[in-house]
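All chains should be built: construct the whole structure from the sequences, respecting the hints.
Taken in sequence, the protein lines are chains R and X. So for the first sequence, the UniProt record's numbering puts the first residue at 1; every next one is plus one. So for the second sequence, the UniProt record's numbering puts the first residue at 1; every next one is plus one.
Simulated from the structure, these hints should not be mistaken for lab results. It should be emphasised that the depicted structure is a prediction, and the values quoted were computed from it without experimental measurement. Yeah, the Cβ is synthetic: ideal placement off N, Cα and C, and Gly gets one too. Treat each hint with caution, since some may be false.
[Stated by the list, open to error] Far from chain X by the CB rule (all over 10 Å, computed), these chain R residues:
{"#": "1", "residue": "Leu17"}
{"#": "2", "residue": "Val50"}
{"#": "3", "residue": "Pro110"}
{"#": "4", "residue": "Ile134"}
{"#": "5", "residue": "Ala169"}
{"#": "6", "residue": "Ile419"}
[Said to hold, decoys possible] No farther apart than 20 Å at their CA atoms in a straight line, the calculated lysine to aspartate or glutamate pairs in the EDC-like style are these:
{"#": "7", "chain 1": "R", "residue 1": "Lys345", "chain 2": "X", "residue 2": "Glu407"}
{"#": "8", "chain 1": "X", "residue 1": "Lys313", "chain 2": "X", "residue 2": "Glu407"}
{"#": "9", "chain 1": "R", "residue 1": "Lys322", "chain 2": "X", "residue 2": "Glu402"}
{"#": "10", "chain 1": "R", "residue 1": "Lys21", "chain 2": "R", "residue 2": "Glu41"}
{"#": "11", "chain 1": "R", "residue 1": "Lys128", "chain 2": "R", "residue 2": "Glu291"}
{"#": "12", "chain 1": "R", "residue 1": "Lys345", "chain 2": "X", "residue 2": "Glu212"}
2 protein chains.
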Amino acid sequence: MAAAAGGFRALDDKSLLEYIKATPALCAQLGNQLDGISIKEVGDGNLNFVYIVVGPGGSLVIKQAVPYVRCVGDSWPLAKERSYFEALALKEHGRLCPDHVPEVYHFDRPMSLIGMQYIKPPHIILRKGLIAGIEYPLLAEHMAEYMAKTLYFTSLLHHSTLEHRAAVAEYCGNVDLCRLTEQVVFSDPYKIAQYNRWTSPYLDHDAEAIREDDALKVEVAELKSMFCERAQALIHGDLHTGSIMVTSDSTQVIDPEFAFYGPMGFDIGAFLGNLILAFFAQDGHSGQGNERGPYKKWILKTIEETWNLFHQKFISLWNEHKDGTGEAYLSDIYNKPELQLLAQKKYMSNLLHDTLGFGAAKMIRRIVGIAHVEDFESIQDDRKRSYCEHRALECAKKLLKERCQFESIGQVISVIQAIPV
Amino acid sequence: MAAAAGGFRALDDKSLLEYIKATPALCAQLGNQLDGISIKEVGDGNLNFVYIVVGPGGSLVIKQAVPYVRCVGDSWPLAKERSYFEALALKEHGRLCPDHVPEVYHFDRPMSLIGMQYIKPPHIILRKGLIAGIEYPLLAEHMAEYMAKTLYFTSLLHHSTLEHRAAVAEYCGNVDLCRLTEQVVFSDPYKIAQYNRWTSPYLDHDAEAIREDDALKVEVAELKSMFCERAQALIHGDLHTGSIMVTSDSTQVIDPEFAFYGPMGFDIGAFLGNLILAFFAQDGHSGQGNERGPYKKWILKTIEETWNLFHQKFISLWNEHKDGTGEAYLSDIYNKPELQLLAQKKYMSNLLHDTLGFGAAKMIRRIVGIAHVEDFESIQDDRKRSYCEHRALECAKKLLKERCQFESIGQVISVIQAIPV
Ligand SMILES: Nc1ncnc2c1ncn2[C@@H]1O[C@H](COP(=O)(O)OP(=O)(O)O)[C@@H](O)[C@H]1O
Ligand SMILES: Nc1ncnc2c1ncn2[C@@H]1O[C@H](COP(=O)(O)OP(=O)(O)O)[C@@H](O)[C@H]1O
Ligand SMILES: [Mg+2]
Ligand SMILES: [Mg+2]
Ligand SMILES: [Mg+2]
Ligand SMILES: [Mg+2]
Ligand SMILES: [Mg+2]
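This is the structure:
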């Protein structure tokens with residue numbers, strides 16, 4: 001078990017046990033009772049190895065990044081330094097919103113290894129809950145809180161430009177992960193690309209139509225530029241429903257390895273866009289009847305509530321801290337309630353438009369790009385699946401192209417509901 | 001003459017001579033003939049010391065930054081590291097556009113000292129030429145070339161996102177200078193601030209109207225956010241007519257100490273906005289008659305030609321390099337002439353709007369903020385000056401608020417011409 005280049009070596013169940021024994025911070029989390037410990041690799045994600053470590057005196061999770069894309073193999077290299085940015089973001093977002101982020105116990109930069117809080121059963125990955133048709137009454141409230149806090153406090157509404165530029169510079173180092181997003185979200189779906197796939201032959205025409213939709217492609221270029229250029233806040237960067245673990249009364253956001261200073265709408269859009277995908281997948285989970293009807297209503301309600309609660313919480317933070325450190329809107333300039341209101345209205349309206357654009361782009365890439373979602377993949381029947389996917393695509397194209405015309409989330413819900421059967 | 005903290009010591013004529021003698025790169029520029037050298041401090045700028053060094057065998061200019069704002073004194077500290085970013089930008093922009101940027105001979109980081117090409121007489125500062133009513137037939141052509149090259153080649157139209165993020169991170173270090181801009185351009189003019197001044201009492205009402213113009217202030221907040229968040233290209237950051245030296249056939253851009261990755265429109269707007277100021281100042285330089293009439297026409301023509309030539313050159317570079325390294329518009333996505341055209345049209349239209357917004361903000365701050373321009377200051381008569389300034393302010397407010405409605409520079413010219421007398 002010799003140390004490899006730069007002190008990095010990929011662990012397995014056995015060498016991980018040795019590693020834990022040699023690491024006091026991890027032993028402490030296990031109550032220093034290392035006999036009878038069980039270690040189980042559960043990484044169902046695309047990129048990394050995740051081990052659940054449970055012993056008689058405590059538990060933890062170990063996540064290790066390897067220098068390539070796990071689900072493709074070492075033919076697709078990817079900076080293992082993503083682990084550093086994941087640890088940094090977990091700590092920063094955890095500080096801002098401890099209720100919804102697992103605690104970090106340990107970080108080993110050379111090993112690209114994070115030791116963190118084990119989000120225990122009955123927590124499951126939200127996406128699986130959405131496929132199973134389970135309602136989460138607090139999901140909208142919790143995600144609104146997570147997004148409002150993490151985004152507000154890392155934006156220029158709270159930061160001085162001094163601390164903002166320093167943080168922006170640091171996260172510029174996570175460029176490899178940004179590039180992955182740029183490729184798989186903003187580029188590959190709009191051209192013929194090696195790893196693209198879709199439900200063929202049913203969606204052949206849909207995929208081609210996307211590659212030939214000039215108006216759509218011009219809008220996507222603007223979104224890509226915004227993603228690359230605009231350091232608005234420290235975003236999670238991969239906030240789909242597979243990065244959220246839930247029970248009926250708890251919501252935990254994991255996996256911010258794509259974190260960097262980017263547009264807020266990319267996070268909000270990722271979450272809402274994946275809820276919309278879940279919505280359109282429901283018809284594929286129904287039997288003959290319409291037994292998922294009420295659940296579809298619940299998803300739409302959750303989309304609407306998430307935005308509205310996010311809006312409310314974000315504005316509350318803004319009002320509460322309006323005389324604070326933030327330098328975007330100085331209180332001796334934006335000095336009257338009606339002016340403050342006007343500024344906030346414009347800010348939130350722009351944010352809704354960005355959210356719809358990015359959310360729609362994330363929907364499209366999950367249907368005609370490399371990485372698909374279990375919501376659709378779990379629909380066995382190709383024809384049925386393609387029907388669901390087709391409707392989701394139609395919805396996404398409309399939201400993306402017409403995003404600047406929306407004034408409320410209610411209008412978005414109407415569009416989702418009006419996609420022809 | 002002991003070295004001070006970090007190897008920095010502020011030079012004077014005498015110690016500079018010693019410094020030159022001890023620096024081979026500088027001696028070489030003087031043909032190694034150091035007898036009979038004359039040194040003259042000419043810094044008319046607000047921040048730094050500039051020495052012209054002329055000898056029998058050659059000449060050069062030495063620019064040294066001091067750790068405060070020169071025109072205010074050491075009560076206003078300012079990072080002398082600005083010199084590092086000025087040297088970096090001079091070299092980068094000089095590599096991209098050598099015809100319009102002085103060559104850098106020497107850079108001493110601890111000393112915050114740049115040795116560069118002496119832009120010799122008959123070159124004068126453009127602002128002085130504009131006040132004197134001198135036409136520069138190649139100015140539009142040259143500035144369009146400078147802006148097209150420096151902005152295009154440092155944007156994602158040419159950069160990979162890898163090189164872009166690395167460069168962005170580096171220039172985040174120039175935060176002190178960005179903060180100065182944020183304060184004096186986007187904040188102070190819109191509130192009561194210590195160093196604000198205007199032609200009182202004539203403009204008292206105008207200054208107050210600006211502080212109470214809610215619609216204007218909301219737009220200014222958006223421009224400020226864009227300035228702070230959007231890393232579109234390596235901009236000069238201070239591209240007013242005092243940073244340009246001209247003869248009838250040469251145009252040289254100096255003083256990029258504010259350089260960082262920001263919105264392109266900030267540079268283009270600085271130049272055009274200062275030309276508009278020059279336009280409105282002309283009536284203050286006229287005698288009883290209208291002898292500056294033809295010159296005003298020339299200024300308007302120069303504004304129009306600058307934008308149109310910039311547009312043309314920028315698009316030419318884009319077309320020429322469309323299969324190149326840039327990652328904003330990949331050639332296998334933006335793969336048809338009509339799509340390329342559509343994308344470019346949208347890009348340039350957005351850029352015009354940004355240009356007008358930033359240009360107008362720069363106009364406003366020169367009339368009611370801390371740093372005024374000689375174009376107006378040289379008008380002795382207060383009433384006459386305030387008349388010119390008032391009209392420039394009216395024009396700026398209109399351009400700023402209505403910027404997104406402009407489709408061509410011709411429409412901008414019409415607005416300038418239609419400002420009531
Ligand atoms: N802190 C945790 N507690 C419990 N399970 C976790 C935790 N972190 C990750 N997991 C499990 O491991 C899976 C993969 O983790 P994730 O961080 O998403 O890795 P990847 O970056 O490879 O997608 C998750 O879907 C979840 O099931
Ligand atoms: N390379 C140069 N050649 C000739 N004159 C120069 C040169 N650089 C600066 N100057 C003169 O010095 C003045 C101040 O220089 P500048 O770089 O604008 O300093 P500041 O940053 O203090 O504004 C200019 O207005 C110009 O007259
Ligand atoms: Mg994951
Ligand atoms: Mg991940
Ligand atoms: Mg200057
Ligand atoms: Mg040159
Ligand atoms: Mg300067």
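| field | Separation of Val50 (chain R) from chain X, once the least beta-carbon distance is taken, above 10 Å | value | About 28 Å separates Val50 (chain R) from the closest Cβ of chain X, which puts it past 10 Å; holds.
| Pair hint Lys21 (chain R) and Glu41 (chain R), alpha-carbon separation not exceeding 20 Å | holds (18 Å)
| message | Check the hint pairing Lys345 (chain R) with Glu407 (chain X) against an upper bound of 20 Å on the C-alpha distance. | response | violated (26 Å)
| Ile419 (chain R) and chain X, when compared Cβ to Cβ, separated by more than 10 Å | At roughly 26 Å from the nearest Cβ of chain X, Ile419 (chain R) sits farther out than 10 Å, so the non-interface label holds.
| message | Need the status of pair Lys128 (chain R), Glu291 (chain R): alpha-carbon distance at most 20 Å? | response | holds (18 Å)
| Ile134 (chain R) remote from chain X - nearest C-beta pair above 10 Å | Given a closest Cβ separation of 39 Å, the condition holds.
| message | Given the hinted pair Lys313 (chain X) and Glu407 (chain X), is their Cα-Cα distance within 20 Å? | response | Holds: Lys313 (chain X) and Glu407 (chain X) sit about 18 Å apart, inside 20 Å.
| Distal placement of Pro110 (chain R) relative to chain X, Cβ over 10 Å | holds (22 Å)
| task | Compute the least Cβ-Cβ separation between Leu17 (chain R) and chain X, then decide whether it is above 10 Å. | result | Label holds. Min Cβ-Cβ 38 Å, cutoff 10 Å.
| task | Below or equal to 20 Å on CA atoms is what counts here, so check Lys322 (chain R) against Glu402 (chain X). | result | This hinted pair is violated, its Cα atoms lying about 28 Å apart.
| query | In terms of Cβ atoms, is chain X entirely out of 10 Å range of Ala169 (chain R)? | reply | violated (4 Å)
| field | Agreement of Lys345 (chain R) and Glu212 (chain X) with the hint, judged by alpha carbon distance not exceeding 20 Å | value | The given pair, whose Cα atoms are some 18 Å apart, holds under the 20 Å limit.
In this structure, the earlier hints numbered 5, 7 and 9 are contradicted, and the remaining ones agree with it.
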